[in-house]
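J.: So the chains spell out like this:
There are 2 protein chains.
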Amino acid sequence: MIILDLKDARPLYEQVVDRFKHLILCGVLQEDEKLPSVRNLAMELSINPNTIQKAFTELEREGFIYSVKGRGNFVASNGILIEHKKKELEQQIEELVKEAEGIGMSIEDIIEFLTKLK
Amino acid sequence: MIILDLKDARPLYEQVVDRFKHLILCGVLQEDEKLPSVRNLAMELSINPNTIQKAFTELEREGFIYSVKGRGNFVASNGILIEHKKKELEQQIEELVKEAEGIGMSIEDIIEFLTKLK
DNA sequence: TAAGTGTACTAATAGTAGTAATACAGTTGA
DNA sequence: TCAACTGTATTACTACTATTAGTACACTTA
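As given, the protein sequences belong to chains A and B, one line each in that order. Each residue of the first sequence is one higher than the one before, starting from 2 at the first, in my numbering. Each residue of the second sequence is one higher than the one before, starting from 2 at the first, in my numbering.
By construction, these hints were calculated from the structure, which means they are not laboratory data. Worth double-checking, as some hints may not be accurate.
A pair holds if it fits inside one copy or across any two, identical chains being indistinguishable in the list.
Listed next, the in silico DSSO-like pairs over lysine-lysine satisfying Cα-Cα at most 30 Å (straight line) [to be verified]:
# : residue 1 : residue 2
1 : K70       : K117
2 : K119      : K70
3 : K99       : K70
4 : K99       : K55
5 : K35       : K117
6 : K86       : K117
Build the full structure now, drawing on both the sequences and the hints.
T.: Written out as structure tokens, the structure reads:
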């Protein structure tokens with residue numbers, strides 16, 4: 002299900018995160034489907050369970066999965082995932098607006114720039 | 002002119018960068034005014050010249066100052082500074098838009114969100 | 001050309017990120 | 001209830017990177 006590339010310079014947990022993101026976004030893993038357990042997957046990949054745990058924690062932080070103690074990790078609903086990402090983006094936008102105002106660029110200026118992008 | 006806080010966890014060069022940013026943005030340092038030399042300031046603060054050099058390189062990268070080999074570092078014109086920051090922001094906005102489109106959020110949606118911020 | 005200036009290279013060190021070993025804690029089903 | 005599964009927290013080892021410094025080079029100006 003998940004394949005690691007040990008020659009890849011990227012950290013193992015990051016590779017795991019990206020693989021699962023892909024599987025979820027492409028619909029291979031369906032809503033509420035159970036992910037392999039931390040231990041199983043770690044054994045299968047011959048790495049430490051904590052590395053998988055770190056990957057799952059990150060996936061949860063980004064809204065891709067949810068985790069239930071003692072039961073397992075599960076694919077989050079598409080709605081929740083998108084809602085999560087939307088909030089993240091809105092936060093980023095707010096920070097950007099603050100910075101922009103610091104150099105005398107108003108929200109209107111930003112909207113004007115966005116309009117040109119269309 | 003510049004004061005360091007050795008108890009501060011932040012790196013020395015970063016403290017120097019922030020101090021100068023403040024001095025420039027508040028107009029204490031005027032356009033084309035010469036900054037203290039790398040060696041002088043280093044001696045005054047009892048740190049290594051390379052640390053000041055690193056701070057100045059960062060300030061130049063962000064458009065706050067410009068540097069002339071053999072002559073010194075000088076405060077950039079306000080216009081250039083703002084232009085520089087504006088381009089940086091616009092780049093960030095473009096990246097944000099791409100991400101937003103990835104989750105089905107259009108430029109119009111972003112504009113709507115911005116409008117509510119006003 | 002001396003005395004100032006910025007810059008590049010290298011190295012020592014401290015801090016952090018990645019991974020692992022291990023122990024703790026919740027859930028489930030025979 | 002308890003064994004066997006599940007996620008989680010704590011700690012520690014290690015490799016990498018960031019920070020700082022030592023030193024040498026290169027340009028500018030009077």
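J.: The structure should be examined with respect to each hint, and the outcome stated for every one.
T.: Hints, verified against the model:
For the homomeric pair K70 and K117, neither the shortest alpha-carbon distance inside one copy (48 Å) nor that between copies (39 Å) is at most 30 Å. Taking identical chains as interchangeable, the C-alpha atoms of K119 and K70 are never at most 30 Å apart, the minima being 45 Å within one chain and 42 Å between chains. In the homo-oligomer, the alpha carbons of K99 and K70 never lie at most 30 Å apart, since the shortest distance is 39 Å inside one protomer and 35 Å across protomers. Proximity of K99 and K55 under a CA criterion of 30 Å is satisfied inter-copy only: 27 Å between copies versus 32 Å inside one chain copy.
In this assembly of identical chains, the alpha carbons of K35 and K117 never lie at most 30 Å apart, being 44 Å within a copy and 39 Å across copies at closest. For the homomeric pair K86 and K117, the shortest alpha-carbon distances inside one copy (24 Å) and between copies (19 Å) are both at most 30 Å.
Hints 1, 2, 3 and 5 from the list above are not met by this structure, while the remaining hints are.
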